[in-house]
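Chemist: Residue numbers (my numbering), protein chains in the order written: chain A, 1 to 789; chain B, 1 to 234; chain C, 1 to 450; chain D, 1 to 179.
Hint data in this document are derived by calculation from the structure and do not stem from the laboratory. Computed from a prediction, not measured in an experiment: that's the story for all the values here. Mixed in with the good hints, there may be bad ones.
[Unchecked claim] The calculated lysine-lysine pairs, modelled on DSS-like cross-linking and capped at a C-alpha distance of 27 Å, are:
1) A:Lys240 to B:Lys185
2) A:Lys589 to B:Lys39
3) C:Lys179 to C:Lys346
4) A:Lys64 to B:Lys185
5) B:Lys60 to A:Lys240
6) B:Lys141 to A:Lys788
[Claimed, not checked] Covered by chain D, according to a simulated footprint, are these stretches of chain B (three or more residues, beta-carbon under 8 Å):
7) 27-33
8) 136-144
Backbone N, C-alpha and C fix where the C-beta goes; we use that ideal spot for every residue, glycine too.
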Amino acid sequence: MRLGRREFITLAGGVAGGAALGRVSLRGISRLNEALEPPSALYPGEEQWLRSICSLCSGGCGLKVRTVGGRVIKVDGNPIYPVNRDGICPRGQTLTQLIYHPDRILAPAHRSAIDQPWETSSWDQTLESLASTLRRLRGADQQNRVLMVSGRSRGLTSKLCSHFLSSYGSNHFFELPSGMETSQRALEFMAGIPNDGKAYRMAYDLENSRYILNFGCDLLEGWGTPAHTMRLFGQWRDIKRGRRTTLIHFGPRLSVTAARSDEWVPVEVGTLGAMALGIAFVLISEDLYNRSFVESFSFGFEDWTDRSGQAHMGFRRWVREEYRLSRVSEITGISSETIVRIAREFAAQPGSIAIGPQQSPVQPGRLSDAMAIQALNALVGSIGTRGGVSLIPEFGWPLPVADGNETMRTASLDGLVAVLDQSPEVLILDQAAWFIDSLDDAHLDMLNRIPLIVSTSPVEDATSKLATLLLPDCTSLESWTDGQSPSAYPYDLIALTPPVIPPRGDSRPWGETLLALARMTDPALESVYPWKDMESLYRASANELSRRENGYLFGTQVDEQWQRMLERSGWWNPDWTSEDEFWDGLVNKGGWWDPATWVSEPQHSFQTVSGKFEFFSQRLEALLREKGGIQPGLQPSVEWDRQILPHHADILPDNAPEGFEWTLDPYEPLVFFGGASRQIPFLQQITSPYSGPRGWRSWIEMSAEDAHRMGIEEDETVWVESARSRIQRRVRILEGGKPGIVGAPLGGAPTTGRWARVESTLAEILVPISDPYLGVRSHATTRVKIYKA
Amino acid sequence: MARWGMVIDLDKCTACQSCVVACQVENNVPSMTPEESLKGRNISWIKVVPFPEGSFPEAKIRFLPLPCMHCDDPPCVTVCPVDATNINEEGIVRQIFARCIGCRYCTTACPYTVRYFNWYEPIWPQPMEQAHNPDVSVRPKGVVEKCTFCHHRLQKARANAIAEDRAVVAPGEYTPACVESCGPKAMYFGDLDDPNSEVSDLSRSPRAFRLLEELGTRPKVIYLAEGERSGTTG
Amino acid sequence: MAQLAETPYPPLSGNDEVLFHPIERTTRGFYITVAILLFFTVMMVVAYITQLREGLGVTGLTIPVYWGIYITNFVFFIGISHAGTLISAILRICHAEWRRSITRAAEVITVMVLLFGAGSVITDLGRPDRALNVILHANFRSPLLWDVCSITVYMTGSVIYLYLPLIPDIAMLRDRGKKWQWLYRLLAFGWSGTERQHRLLEKGIAVMAILVIPIAISVHTVVSWVFAMTVQPMWHSTIFGPYFVVGAIFSGIAALLIALAIIRKVYHLEEYLKEIHFRNLGQLLLVMSLLWFYFTFAEHLTTFYGNEPEEMHILMLKLYGPYSLLFWAMVIFCFIIPVGILGIPKWRNVTGTITASAFIVVGMWLERFIIVVPSLANPRLMPSQGIYLPSWVEIFISLGFFSTFILFYVLFTKFFPIVSIWEVKEGREKSLQEVHERVRTYIPHPLKEG
Amino acid sequence: MADTVQQESQEENAGHRNRLLAGKAFVAAFLLALIWPFTPSIEQPIQYNHQKHIAAGLECSNCHTLYENSAWAGLPTADACAACHAEPVTDSSEEAKLVQMLSEGKPLEWKQVNRVPNHVYFSHKTHAVAGEIECATCHGKMDERTAPPPAPFFEWSMDNCINCHEDRNASVDCNACHR
């Protein structure tokens, strides 16, 4: 082919054009690529690691917070915080999502009715309007028409809340029950507490327990302090610690705890007490119980005669006659072999402990069951010993006021509902989403009649949905935050951290709001609380604490060992010599604690009538006498003893109506523990580890056997109907679950905010069962029928 | 050169999923809208997978935290048509988000299903983007992402080591977010090639096993099977 | 030689004017057809724009079903592409004289459908804007890149193979001097029908015919390797290569038969596409159906006897589980119905073969779906996440792909003769003689013996 | 076949050439259009004079406080400026602007000039301290600048990064930089 000039130009042009086009498209595509990139993050800025305390549940874990350029990036466990030491539960991790939640309430707001739009207003205005209402009611001597429900059960702000209400003149303060109330009451009845007006709490030395009989507690789903319990669980199974701690779980539902225990004993619903007594039967009849403890330090084990000459049945005979293995086996549905085996293991070594019964705000368990469980602890001598259970003085932030009286903390849901009947005028919901969660529609109607509902939630939640006045609190990272020994934790501890970031928007710590409210309501109140802000209140409180002569500022685990060793040799080497030093140490180290709180030598002086551990609680007897007995007209007799000795009583009627063949067992999953956190997307994505990430709506758990029989598929919608009402739920099929048992989580989809979904609450169908002794609900297990929607 | 690996003690795991959230927060993983979440499109570089065993009453549920296995012979790396995923000398399998074309061949080739795809532009409802970790890129839509063993933490640790004239990253200096957050301390992380490290010690335990070992992927995440219950007599 | 001159097969003559009709006369039916097809194309564009803007989230794909009907379409389209080039090349090499009027129709299918095969993969990409990375940062260890290579080569080969035999026909159109002169002039490449040009063309076609066969086989083998090279249960199979190739030829022939039947009917080409074409292709289809069944059977039986839990799980889902309906439909469509119809010589007519073909095309699409989805939907370490259902976006894009493919095909017939005119003419003029001569060479020569 | 092409009419050829020329022009325009707008110039709130400040004895780390110990260099805050400029020190109009802003309590919003893509991990500490790379290598001679740079001195492309890494034997592992 000849190559002329023209052809050459054509060719060259083509080549050049093609090459240019190629280059250009490549460039263009890379530009496009850049354009499609998400916008570059904000300019980073300086990185800091600060300390704080988690406020998402009553556990109050220590936090290590990473901030970059003044923004909270990551929250982790504080390695020197003794409760959680490094570890943290998933909820704590989501503080970033809470702080920067798109539905954060950033300024006070009010509305005339709940169907009206919100109007934001200044703090002064808003507080003044609330204060004027409070003044008016006080003037009319109607202080009791002011109610406060609080979601914080520990810490100085909580104390301030209850004290404020009592100084104001109302005695309707309610706070989140810890769920340990029933166990604690049982222990108080049997082991007694000093009558010195101080607060006491029950504590377990689980760190040193070797064999744990867990009667229904969801240890791994938010029991006590989630991160602490998880740390304990890791320690129980740490190969480096030598012996592994055995965990036996009793309960009808295949919970995460049941699944992760060494053995799951799927007892029938409401038979935990019978199970405990069955084990007691084996211990007694095989002579496996701790003879030295029972003979020297217990009362009511053998038959006895009271001062009036009335013969009483001893615990030994009671158990041997009433709780024979065959009967227990029949009640609980567990074979005698299993009961005998577990009882022998339980008695075989020191450090055995029985904990329970099952706990949650809706099912705190029965007193009689709890007493049966504590009786087991007495039989193996685990009261006050290493690895055992004890009642220790409640130690926390002192409120430095002259008059230390607080409103009695009424922790029962039923008590609260009763007050709602008395036409209250002001209801303050302080982070109380848990409370709304446990109410059914009828209760909510009652709430709707209250003229003024105040919500303090930092984000839109169930309380802000009901409220007509918002006083936005800030999260614990935005304010001075304290911590103290969480429930069941065996050591005295207080902690304090300064704010990590300034409050977002116009939110304000609730404690400071209360101080301001006190100032505005009444000069008398102002004189009680002379502090301008929480920092100065903490300072005053810390000064009181600095006068204590025990404990240490937080340190590493090595420090902890060393301090224990010192204490054992009778030494105490304080980290501070003055109030200022104490304050500085407290703020710098994050807190103070006493690693030697737990007395390792058995403490065998009991503050009971007999001065011993009472299998037959004379204090309970006195109480019953005062109340006129459970069954009116019943005279002291063996029948009388029956009511006082630990015993089993059916909670559900035997003859269930036709078709109501399932038992609904409500529980709190870890992510909704304490009722809040529904608005956090990361938590909605991990609601249950059972069936993968499928949150954003509530569900029920059904055994594979039942589901198969009913032809129900995973994720299918069904009706759950009780004698009261019916609700819809999605089904999660639980491979290996106990047939006839339906697990139902409390909590579910967010009720407000951008991700709100309409869902009927579980409370709608629950039929609460009251404890005959305490007069409050003990169970909410409910007979239901289930059919396809 | 270190060979980073993880040991997960299944005996200690409480299925709390703290690792899952820690990872999401650390690595700027977007949380899904409820609709997407219900479609099963959650991205979680580590997830807890239940393995029910046996039927009532002898039922057991084992929970398996499942991050990327960082296989020594990763099936995902060979199939990527554009070299967007690779394994480096230290055995970390990574995704180069800027190169990925989103063909999802790697996600299908991975026998562990631990690679995730960005179905949409990630959503950060204002002002949640404030909490972005500046050390980790935000992935655009249409690319695959996966666990990186928190590689950015290694980058930082190494930067520190270099600044302090150390040749290697000290043990404990580099820990992924999941391991750091684990409450029961069921997760361990370190250099598998260092015979004295905790992970290499644990990897030789009789309880140690690897997932789907028979596929020849040689995972660097090693599980410890559940321990035996203590004897019945003290 | 003298004897040959006395052959009783003188050249035939005939008028092929009818073959120009589709190009030169436009009917109302054409416009209606195009309008309908365009509608789906527009819907496809709308759906794709939605997907580009929003992301692949608008599809029904989830974790772990990362591949759905886009990939199914990809495998299916690439399979269909074997209709043309491969069949026509084999028939050419074998000197099967009946091929003359069907080769063009077949080759066009290949070229057109390959576009959509490749297009399916692009559609499936999360970042189509970065598709060029495949060239810029090629990783040759990836079977997907082998695909890119072999499909590119196949595409090039098929285009050349389509184009070469098209040249004399284009020249004919140019010489008729009607519409689109410039186009035909450009494409005719100066064809004047000289002896030298004919020789070159024949040589070119012959070379391409031979080249294209291994390329075609490699293409579908490599497509199968995309799956087989992973360790996923029921993908990791050694016979996937031949299995896919057989399936491809199978579906290709079926698609070709449907195309032929439509062309025959619409353009009144009964004289060119005779019953015998359908009968012959029908026989081929019957053979492929049996072969396909053999492979399917072998594949599943091996899995069943191996009894490997992961594989068995997927197999059981296919046989009895949520995919059983599709699975058994596939067996019926691809084996029972075709064999039932084509096995009876009387039914191996136009109606019979296209009925079978229609079932086979659907059945083979199902086969691809059943290979892609169940293995993904049930990964080893994850509880099943339900069944994958394609979203409207995927459905519209798939429908659009089919309709646009048909549209392109229709447009092709509008510009170029769908039956190779010169080859038909050549056959008429020379082949009787050639066949006669060729057949004589096969026969043992009795004359020499005497 | 070439014979045939040559036989095309002259007119046809001329038309062909014109089309070709038009095509070339199009391509050229396309190229220009794509390249032109992508070098935006960055305007800072204050026309800061690096030369003057460095001559007066300021160190890089006085304002870019983080560069020696973190991944980021850090941009000066209003407080840093206020340390000297609470009251005017010179009669510069830019300074007056600054003093005005400081007195009004307005934040000083510097615009980031050098920006690596979102998917890159770049540590100033590693480069400047451990790698002992002069600031000027990437940022140019800032001590000679009297006004803020409108565009990056260094082109932040992967090729440029890798070239330098190869020259200095630094890691070219993808994971060393991609995040």
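Chemist: Hint compliance check: list the failing hint numbers for this structure, sorted ascending.
Modeler: Numbers 2, 3, 6, 7 - these are the hints that the structure violates, sorted from lowest upward.
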